[in-house]
Amino acid sequence: MDKILVGLKRVVDYNVRVRVKSDGSGVETDGVKMSINPFCEIALEEALRIKEKGDANEVIVVSIGTSESQQQLRTGLAMGADRAILVETAEPLDALSCARALLEITNREDPGLVILGKQAIDDDNIQTGQMLAALWGRAQGTFASHIELDGDKARITREVDIGLESIEIDLPAVITADLRLNEPRYVKLPDIMKAKKKPLEQIPLAELGIEASPAIAETAFEPPKERQKGVIVDDVSGLIAALKDKGLV
Amino acid sequence: MAKILLIAEHDGAVLNPSTAKVLACAAEIEGAEIDIAVLAESAAQVAAEAATLASVSRVLTVENEANKHALGAVLAPQIVALAEGYSHIFGPSTTFGKDLMPRVAALLGVNQISDIMSVEGTHQFKRPIYAGNAIVTMQAPTDVQLVATVRTASYRAIGDGNSAPVESRDISVDLPTHTRFLELQAGSSDRPDLQTAAKVVAGGRALASTENFELIYALADKLGAGVGASRAAVDAGYVPNEVQIGQTGKIIAPELYIAIGISGAIQHLTGIKDAGTIVAINKDEEAPIFEVADIGLVADLFSVLPELTDAL
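The listed protein sequences derive, respectively, from chains A and B. So the first sequence is numbered by the numbering used here: it starts at 1 and just counts up by one. So the second sequence is numbered by the numbering used here: it starts at 1 and just counts up by one.
I should point out that these hints are in silico values taken from the structure, not numbers from a laboratory. Please note that a few of the clues may not be correct.
[As the list claims (entries may be wrong)] Reference listing, derived: stretches of chain B covered by chain A, where coverage requires no fewer than 3 residues with Cβ under 8 Å from a Cβ of chain A:
#1 69–79
#2 82–88
#3 290–300
Cβ coordinates follow ideal geometry from the N, Cα and C atoms, glycine included.
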């Protein structure tokens with residue numbers, strides 16, 4: 001295939017313990033470390049491996065967000081992507097609008113494969129890939145832990161609740177990456193320098209002319225109920241006594 | 001009034017327990033009138049089971065050879081056709097529902113609420129974000145259909161005793177042929193299913209090998225418990241992917257959860273928050289798992305596990 005399109009979302013780093021703002025208006029993101037969503041990184045790694053095997057000519061990374069998302073796109077370019085597209089929007093976008101924006105980019109670029117992360121670790125929605133596949137009228141290989149390309153088809157191993165499911169899909173298609181698809185490479189310093197010279201196109205969201213979606217409002221945020229710290233027992237007999245006390249054994 | 005279409009999850013023979021939990025959520029919506037859709041190659045057996053569930057008004061069956069395996073891309077257009085006239089379309093937040101429901105939502109041109117954990121109104125729900133570190137209240141528009149998945153760990157399965165009518169539906173839509181099922185490698189285990197087990201014993205990276213996981217299996221079998229694992233143990237290849245608990249694995253709510261050699265990363269803790277009693281055994285007394293454990297034992301798992309299993 002010629003091109004692979006990969007989505008990169010800028011999210012709060014997975015090591016950050018997110019806190020709800022005291023007024024309940026959102027979560028604290030000021031001064032918090034931001035990174036590429038880990039599943040998006042896996043998606044990009046897979047695209048790069050496909051290209052390195054000679055099965056694709058170009059890897060394009062795309063992000064939707066504020067101009068700050070350029071940082072994550074630059075990291076993607078440093079990992080090995082050939083060029084980047086930022087769909088710029090000041091406001092956070094709902095999943096359907098993201099899928100519609102990605103569809104516009106997909107139609108422009110005509111990739112043989114779109115690889116996205118299976119979920120973003122901020123909103124945990126697990127929607128965008130499936131929505132894009134639906135709007136595009138193409139197959140979806142969600143939660144992929146293995147991808148085998150075979151001409152205009154791909155065999156996907158999917159991590160499902162009862163084990164591993166294998167499906168065959170016609171390309172072009174959307175694949176969403178699960179944890180065990182690969183281990184993303186580390187970015188080396190010379191690659192960061194090289195990435196600065198790679199093209200990064202900025203497109204205002206309005207220019208894509210996507211239809212407005214019926215958005216679902218987030219009206220309040222609250223911290224989860226904390227569990228109370230319990231007791232520490234000294235030994236196995238103490239543990240068994242505590243379990244018996246609760247009627248659990 | 002809320003006219004709710006609930007998409008049944010099944011394997012062609014039996015209903016997945018997730019369906020009765022989604023039903024429990026849907027039944028909390030004021031004025032709910034709930035129909036269950038069974039899309040299958042041959043739906044009679046599953047439909048008969050669904051008809052016994054409390055709160056179900058009707059069971060609608062859609063039989064098609066193409067529905068033999070639950071492929072989201074194949075099921076979605078049929079559900080869209082079936083969904084006409086319904087205000088809510090609900091599915092479980094299992095890999096089945098996660099794959100399928102956003103495809104349905106996109107075809108309907110609406111957004112989706114994922115992982116409903118509580119009902120606040122006919123179009124208002126709470127859901128966890130950031131691996132459960134924040135809970136957000138979502139208000140969906142009332143003038144379009146609402147597609148949602150339900151976090152099954154937040155609900156107890158609804159009871160049975162009902163005998164709802166079963167009606168067959170003919171859906172004539174073009175089904176895509178771009179997706180073909182090849183095979184399913186299901187874990188073969190006689191142990192209770194992780195997502196419905198009353199007791200779960202889980203091991204982490206500290207187990208250090210597939211062989212050492214036998215210690216976990218031995219304790220689980222003594223307790224009649226299901227077996228789970230942390231992401232680290234799955235990544236290391238000690239256990240298969242389907243036993244992973246946490247943000248990107250399974251969310252569980254057993255009465256008793258025993259975490260062994262699991263440090264308790266936030267991504268893991270989000271998967272066990274709703275457990276009745278959490279027991280942690282870890283040799284690192286600073287491990288974050290002790291912050292949430294009801295009963296903690298600071299000890300080397302290799303010395304205490306055989307002792308615990310023998311003593312029970």
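Hints versus structure:
1. 69–79: holds (count 4)
2. 82–88: Three-residue rule not met by the segment 82–88 of chain B, so violated; n is 0.
3. 290–300: Contact hint for the segment 290–300 of chain B vs chain A: holds, 10 residues under 8 Å.
Checked against the numbered hints above, the structure breaks only hint 2 and satisfies the rest.
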